[in-house]
Amino acid sequence: MQIRLFDLDNRREVVVEIDGKAHVVDLIQKLRELGVLKQNETAMVGVPLDDKRIAYVPSANLEQLVAYVNQKKTVIAFRRYPIHGYAPHKP
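Under our numbering, the letters of the sequence shown match residues 14 to 104, in that order.
Don't take each hint at face value.
As the list claims (entries may be wrong) - Simulated pairs of lysine to aspartate or glutamate, DMTMM-like, Cα-Cα distance not exceeding 25 angstroms:
1) K85 - E46
2) K85 - D22
3) K86 - D39
4) K51 - E30
5) K65 - E26
6) K43 - E54
7) K65 - D22
8) K85 - E26
9) K43 - E30
10) K43 - D20
11) K43 - E26
12) K86 - E76
13) K86 - E30
14) K51 - D22
15) K51 - D20
16) K43 - D22
17) K43 - D32
18) K86 - D63
19) K86 - E26
20) K65 - E54
21) K51 - D64
22) K51 - D32
23) K34 - D63
24) K43 - D64
25) K34 - E46
26) K65 - D20
27) K65 - D32
28) K86 - E46
29) K86 - D20
30) K34 - E54
31) K85 - D39
Claimed, not checked - Label-pair distances were calculated between CB atoms; the ranges are:
32) A73 - R24: 26 to 32 angstroms
33) G98 - Q77: 28 to 34 angstroms
34) V88 - V38: 17 to 23 angstroms
35) I96 - I31: 19 to 25 angstroms
None of these hints come from the bench; they were simulated from the model.
This one's a predicted model, so the numbers in the text were calculated from it and none came from an experiment.
Ideal placement from N, C-alpha and C gives every residue a C-beta, glycine not left out.
Model the full assembly from the supplied sequences, consistent with the hints where possible.
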C-alpha cells in the first residue's frame with residue numbers, strides 16, 4: 014500500500030510504498046532507507062495537533078493507523094527526534 018505522510022519538520026509530503034500489515038517501526042526503518050531520516054534519528058508517527066505538535070496513535074499495523082486517520086479526516090504526520098549516543102556498529 015502507498016502511504017502519504019506529512020513531515021512536520023520540513024513541511025513537505027513523503028510518499029512511502031509499504032505493506033499494510035507492517036508495524037510503525039517498519040515504516041520508520043523504511044524512512045531511513047529512503048534517506049528521509051538520518052541513521053541517528055527516529056520519528057514519532059501520529060496525527061498533527063498543530064504545526065509543531067503530534068499526537069501518538071497506538072496501532073498494531075499501518076492499516077489500523079490509516080483507518081483511524083481516515084475516520085478522523087486528518088493526515089498521518091511524523092516528527093524527527095535524535096537518538097542520543099547512537100553510534101553505528103563498525104566491525
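(message) Hinted pair, alpha-carbon criterion (25 angstroms max): K86, D20. Please report holds or violated.
(response) 17 angstroms, holds
(message) What's the verdict on K43 and E30, does the C-alpha distance respect the 25 angstroms limit or exceed it?
(response) Holds, at about 9 angstroms.
(message) Against the 25 angstroms threshold, does the CA-CA distance of K34 and E46 hold or violate the hint?
(response) 19 angstroms, holds
(message) Does the beta carbon distance between G98 and Q77 stay inside 28 to 34 angstroms, or does it fall outside?
(response) 32 angstroms, holds
(message) Checking one constraint from the list: CA of K65 to CA of E54, max 25 angstroms. Satisfied?
(response) 17 angstroms, holds
(message) Between the alpha carbons of K86 and E26, is the straight-line distance 25 angstroms or under?
(response) Holds: K86 and E26 sit about 17 angstroms apart, inside 25 angstroms.
(message) Please verify whether K51 and D64 have alpha carbons no more than 25 angstroms apart.
(response) 22 angstroms, holds
(request) Assess, step by step, whether the Cα of K43 is no farther than 25 angstroms from the Cα of D32, and give holds or violated. (result) 11 angstroms, holds
(message) Just to be careful, I want the Cα atoms of K86 and D63 compared with a cutoff of 25 angstroms; is the pair within it?
(response) 15 angstroms, holds
(message) Please check whether V88 and V38 have a Cβ separation lying inside 17 to 23 angstroms.
(response) For V88 and V38 the Cβ distance comes to about 20 angstroms; the hint holds.
(message) For K51 and D20, compute the direct alpha-carbon distance and say whether it is at most 25 angstroms.
(response) With Cα atoms ~14 angstroms apart, K51 and D20 stay inside 25 angstroms; holds.
(message) So if I understand the rule, the pair passes when the alpha-carbon distance is 25 angstroms or less; does K85 with D22 pass?
(response) 22 angstroms, holds
Checked against the numbered hints above, the structure violates hints 1, 23, 27 and 28; every other hint is satisfied.
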